[in-house]
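Asks: Required output: the full structure, derived from the provided sequences and hints.
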Amino acid sequence: MAEDTPLQIVTAFMSEFEKMDFDAGVSYAAENIEYINSPGTLVRGHDGIRSVLEPFFAPIEENEFVILRQITDGNTVVLERLDRHRVPQGWFELPVTGIFEVNDGKITYWREYFDVETIRVSMEKLMGDQK
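Using my numbering, you'd call the opening residue of the sequence shown number 1 and step up by one each time.
Derived by calculation from the structure, the hints in this document are not laboratory data.
Quick reminder that beta carbons are idealized off the backbone N, C-alpha and C, glycines included.
Be aware that one or more of the hints could be misleading.
As the list claims (entries may be wrong) - Restraint ranges, calculated between C-beta atoms of paired labels, are given here:
(1) Asn32 <-> Arg86: 30 to 38 Å
(2) Lys106 <-> Met127: 38 to 46 Å
(3) Gly128 <-> Lys106: 40 to 48 Å
(4) Ile119 <-> Thr5: 30 to 38 Å
(5) Gly128 <-> Ile71: 35 to 43 Å
(6) Leu7 <-> Tyr113: 17 to 25 Å
(7) Pro59 <-> Ser38: 14 to 22 Å
(8) Trp91 <-> Thr5: 29 to 37 Å
(9) Gly105 <-> Met127: 37 to 45 Å
(10) Tyr113 <-> Glu3: 25 to 33 Å
(11) Asp23 <-> Gly128: 33 to 41 Å
(12) Pro95 <-> Asp4: 22 to 30 Å
(13) Val66 <-> Gly105: 23 to 31 Å
Replies: Encoded structure:
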């Protein structure tokens, strides 16, 4: 059987996080993965990923990760996405660019870039709609 391509591995990884299945998601990551959810700090390993994402996803009821563009170059994958998150107050959207490196069938490097102000403004709007 042919080995999965870096794009297939990253796409499967994102699909598991879209479903908020952290166990399945981290299974695509190397034990020593380096992850930065910009503008945050570097974390390493499966526990590092969980320490960043589990609190963020805690209030989220549903996700949609819409891939707008994907670029691959060897073992590097770049995804431009629109991450849609549903919280009790409604949906908010976050444009994100993720950069991944895949080595030996596992993601070893993951960087996410987005504008934090977009989250703040979206949440303020959602909360304002509830008044």
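Asks: Failing hints, ascending?
Replies: Hint check: nothing fails, all pass.
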